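Novice: Let chain S serve as the given structure and place chain B on it in line with the hints.
These protein sequences, in sequence, are chains S and B.
Take the first sequence: its position 139, counted from the start at 1, is 138 in numbering that gives the first Met the number 0, and no numbers get skipped.
Take the second sequence: its position 56, counted from the start at 1, is 55 in numbering that gives the first Met the number 0, and no numbers get skipped.
Calculated directly from the structure, the hints in this document are not laboratory data.
Just to be clear, a hint being listed does not mean it is correct.
Unchecked claim - Pairwise CB distance ranges, derived in the manner of DEER restraints: (1) Val596/B to Asp60/S: 56 to 64 Å; (2) Gly39/S to Gly607/B: 58 to 66 Å; (3) Pro72/B to Glu19/S: 55 to 63 Å; (4) Val485/B to Asp60/S: 56 to 64 Å; (5) Ala775/B to Glu19/S: 48 to 56 Å; (6) Ala133/S to Thr654/B: 16 to 24 Å; (7) Lys89/B to Trp15/S: 51 to 59 Å; (8) Asp78/S to Leu162/B: 55 to 63 Å; (9) Pro183/B to Ala133/S: 49 to 57 Å; (10) Gly39/S to Glu142/B: 17 to 25 Å; (11) Pro584/B to Gln161/S: 54 to 62 Å; (12) Ser618/B to Pro101/S: 39 to 47 Å; (13) Asp60/S to Phe462/B: 27 to 35 Å; (14) Glu142/B to Glu19/S: 17 to 25 Å.
Stated by the list, open to error - For lysine-lysine, the following DSSO-like pairs were computed, each having C-alpha atoms within a straight-line distance of at most 30 Å: (15) Lys777/B to Lys136/S; (16) Lys452/B to Lys136/S; (17) Lys597/B to Lys734/B; (18) Lys550/B to Lys295/B; (19) Lys777/B to Lys338/B; (20) Lys328/B to Lys450/B.
Unchecked claim - So the derived list for chain S, only partly shown, Cβ under 8 Å to chain B, looks like this: (21) Thr105; (22) Pro128; (23) Ala151; (24) Ala164; (25) Gly167.
Since the model is a prediction, treat every value here as computed from it, not as a measurement.
We put the CB at the ideal spot given by N, CA and C, even for glycine.
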Amino acid sequence: MGAGSGRVSIRVNGAWREFELGRDLTPSTTLAQLLREGLGLTGLKTACDEGACGACTVIRDGKAVLSCMVLAVEADGHDILTIEGLGEDDPVVEAFAEQSEPGYGTALQCGYCTPGFVMAARAFLNENPSPSLADIKEGLSGNICRCGCYAAIAMAVLHAAQKIAARGGAR
Amino acid sequence: MREPFLPRAERAFIGQYRPKIDGREKASGQARYADDLALARRFPGMLYAKVLRSPYAHARVLKLDLSEAEALPGVVAFLRYDDPEVAALKKTNAGWTDGVDTVSYRKMMWGTFRDRCVLGNYACWAGDEVGVAVAAESELLAEEALALVKVEWEVLPFVLDPLEAMRPGAPLVHPDISADNVFPPDPFGGGDVFVDKGDVESGLAAADFVVEGRAVYHNATQNSLDNWCCLVEWAGDALTVWSNSYATDQTRMHVSQMLGLPIHKVRAVSPYVGGQFGRGDTGDQPFFLFTALLSKKSGKPVKFRHTRRESFHDSRQPAVYTARVGVMKDGTMTSMHFKSLGNAGAYADHTMFALKYAPKEITEVALAHVPDVRFESFGVYTNKIPACMMRGVGNSQFNLIFGLMIDLVAERLGVDPLELCVKNFGHEWESLPDKSLERVLEEGSRRIGWKEKRHLPGQGPLFEGTRRRGVGFSCHPAWHAEWQEVRRGKVQVGITLNPDCTVMLNAPSVETGNGSNTCNVLGCAEALSFLGIAVEDIHWSSIVDSDRGTKDCVQTDSAVSYLQSEVMALAAQELKDKIREIAGPVLGRRPEELEIVKGRVFPRDDSGGGMGVRELLSSGDLAPITVFMSRPPLAEKTGVPYFANFAEVEVDTGTGRVQVLALVVVNDCGTVMYASGAEAQQVGGQCIGLGEALTEEIVYDPATGVPLNFNWVDYHIPTMADMPDIEPVLLEVWKGGGEYGACGIGEGTVTCTPRAILNAIYNAIGARVDEIPATADKVLRALGKA
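Bound-form chain S, shown alone (with noise of 0.2 Å):
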């Protein structure tokens, strides 16, 4: 944002959108309710408003940051990937809708955490193609499942590094 020109520009999920000050947003907007409000991106939900849950959870230049967390005008200038900007063939979608083998359970239940927990799965698995169970369980720890599938979430976080690297490691 220039000074004083009131003009947010942000690259959403590959385009650059322009906002201005006043009309689209306010300096006290949220990237959250901008993405969901102002550009209808729902998958991201505001569950606690606040930074305990990470429902919000979106990729701001390669690193996840909550939505709810960050000021639009913050975001000026900046790369935000969500989850309606992952492809089809997604591998951490793949694995988190798939997840199903004896003994955890599925990934997901209600699903209303679940895409806060694929974005931090996808930036956990930038940082760290191949972890361990207990670098999952640390890493993720900031994001909240009420329905409790961290069981499954691990092991989905598991097979997702997996297919990334079956795929040569593409992102």
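Specialist: Structure of chain B alone, referenced to chain S:
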């Protein structure tokens, strides 16, 4: 790979390990919830509602001055407690039904306790909705408008503790209902003594030993991630409410009856719901009504979304339990007296379901062979958050004392508590020992390593200087067999077969996450397996819309996993008959001479001929074939299966920290309808179970009565890093009536967790903590260190 469950009978679809049918939609972020649908971009002109919440635990609004708030640009409508349309609303209760049935105002379950005003001027807890609601062009504006409202409060003395509330002179919460804050008897719950079998006092006097115990259950709350949200559009003489209610028919009935609209003028729609766990009882919540009135007044669609803080809206019923158990030297339990004192908080709602209705069911099953049993309970109003349904309602609380008494009696007698259970508990339709209970305990014992790991209390080996380990368990009878669902009334299902042999399944039930939609699709595929179709050939709707006119089978009692599938099994027979009738003239046979197997219709006598069903249907008039079946649950009393949780813990005797090392969750399901979903319930339930056992509790400021931790930083929900290794064990031992004879298990998975952990703590350190959450300070106090 873990040990998969072994099905009793081989089936084509039922019982599978497979992905959830909505897995892809949810994992990719495409699934839409109420908050996602209710966007201004979809509803132009939409307004946002907010309601004034009492900052005081007990207070009355004496005067409102809205002049400054009204002058704020963008504020569109106000609704005040003294507006005629508000003041005319009947007093109500947020639990018209326990969820199984749809209930009118007149027939509401807890009609004795109509203690709620819709937007009244009387606040009974710090957070109560009172005085005024506003609709504005943004949420921020609505909040600003409320901040500009000048309120003259009459601040009243308050009471938080139920014992203090019972004392003469205590502040009265609802003097029109109780002059001493103690709930009067009611038709559903009964009197203070609500079970009195045999002669308890004589039984205790004649027993070789009498063992006494006490356990305290604090108030956790449901914490569904999907905050309460509704959008109401009242246009002309009709109203539509989109919401994350899990009971659309009841929402429609509630709105219709409270606002005086005929049923066909109210439409209730629920898309995917982000977790339920019992919150808000059956959703007969005043906020639907004032949001509707704001829509009427403004002529615009109005959205009311609770913040996270506001979604701390109700809690599990906290209660203090005491018990006396008379037992003979040979281990026979002869006499039991259980007493509870429940803190209902500000409104009664379903308090008596937890304190009386649920424990009463235990007597006819688990305690059927104990000659003398008395249950006594007192529900008490205080100025805390209202108590409400929560997963395992009443049973979770009761298990905390039940499992304690088993552990105490076993210790007194010097026997294994597992043997004590098998010797004493069963149900009234069978002699002892109960096969389900025996198998459940055997499996749990084997998987946790009970015999190897169990030792005398506090006598195990020491780890790293200060840590001790122990194992514990608790068991409970299930309460979701088909005969226990009779009050639900008819279960309705429609199946439409398209000319290309694809299927439209009409089995409405709001998808709250528990997997019963997958059970239903598997049940449909199983019932239609004569057509040779695949799961992918069946369409189901993730949106429940009361305008479809089919009864919504409410996601409560975890029973939707099989209730609709049982009806589908019957509907499929009718569908088969209809296909035979169509095929008869085409094949030149009488319909009863025809058989249908794997999608082919042919003469039973093997005389040759026949054709594919798809070929048959696509050559006719292309009209879909629809069957609709409406059947009440089977009333035949088949008893219930058992479930149990086993825990291994490590307690640091220096810091008091408890770490759960392993949990084994065993459920006898009758029939496993969908294995991955059932195991997801078993594993997933431990987030609530372990949270309640160790960390979750609403904390109040004793000086003001204001709750202090309505957020997820100070109210700690377990995360992935807190969870132990959990082994889910599914069994098929017991069988109920019908094709599958299944039993709901979702609530049962959480019920025994706190007690299993507390018993394991005792086994580890030899000192009892009988109050949850078992925080470090309580452990140290039990050890005499604090």
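Novice: Could you work out which earlier hints the structure fails to respect and list their numbers in ascending sequence?
Specialist: 3, 13, 22, 24 and 25
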